[in-house]
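Each residue of the sequence shown is one higher than the one before, counting from 0 in numbering that gives the first Met the number 0.
Among the clues, some could well be false.
[Unchecked claim] Straight line, CA to CA, 25 Å or less: simulated PhoX-like cross-link-like pairs of lysine-lysine:
no., residue 1, residue 2
1, K67, K81
2, K81, K92
3, K119, K81
4, K81, K70
Hints were generated in silico from the structure; no laboratory data involved.
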Amino acid sequence: MAQVTVTIDGKAYRMACDEGQEEHLTDLGDRFDRYVSHLKSSFGEIGDQRLTVMAGIMVMDELSELQKRIKGMESEVTTLRKTRDEALSKADKNDAALTGALSGLAERMEGLAMKLAMGKSA
Numbered sequence: 000m001a002q003v004t005v006t007i008d009g010k011a012y013r014m015a016c017d018e019g020q021e022e023h024l025t026d027l028g029d030r031f032d033r034y035v036s037h038l039k040s041s042f043g044e045i046g047d048q049r050l051t052v053m054a055g056i057m058v059m060d061e062l063s064e065l066q067k068r069i070k071g072m073e074s075e076v077t078t079l080r081k082t083r084d085e086a087l088s089k090a091d092k093n094d095a096a097l098t099g100a101l102s103g104l105a106e107r108m109e110g111l112a113m114k115l116a117m118g119k120s121a
C-alpha cells in the first residue's frame, strides 16, 4: 500500500491508498481543502469539526445533484435508444417495400422489353 499526505485546513493527514492512486487521492484532498477554505472564509473560525461536517454535507449535496442528473440522462438515453430502434425498424420495412416495388418494376420492364423484341422480329 502506498501512503500520501493530504493537507486540509493547514493540517497534514497521512493516508494509505492503493499503488498508483496517490495522485488521485492528493487531488481529492486538495478539492476537499478548497471546500473547507471556502467555508472558513465565509463563516470564520467555527471549529474544525463543524467546518469538516459542513464541507462533507456540501460534497454530498453536489453528489446528490450529480446523481439526479445522471438518472435523467440515463432515462434520456433509454428514450433515444428506443426512438432509434423504432426508426431503424421502420427504415428496414421501407427498404423491404422499396426492394419489392423495384423488383416488380424490373419484371414489368423485362416483360415489356421481351414484347418489344418479339414485335420487331415478327
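Going down the list of hints, with the structure as the test:
1. At most 25 Å may separate the alpha-carbon atoms for a hinted pair to count; K67 and K81 meet this at roughly 21 Å.
2. The suggested pairing of K81 with K92 holds, with an alpha-carbon distance near 17 Å, which does not exceed 25 Å.
3. The straight-line distance between the Cα atoms of K119 and K81 is roughly 57 Å, outside the 25 Å bound, and the hint therefore fails.
4. The straight-line distance between the Cα atoms of K81 and K70 is roughly 17 Å, inside the 25 Å bound, and the hint therefore holds.
Figure legend: structure checked against the earlier numbered hints; the only hint not met is number 3.
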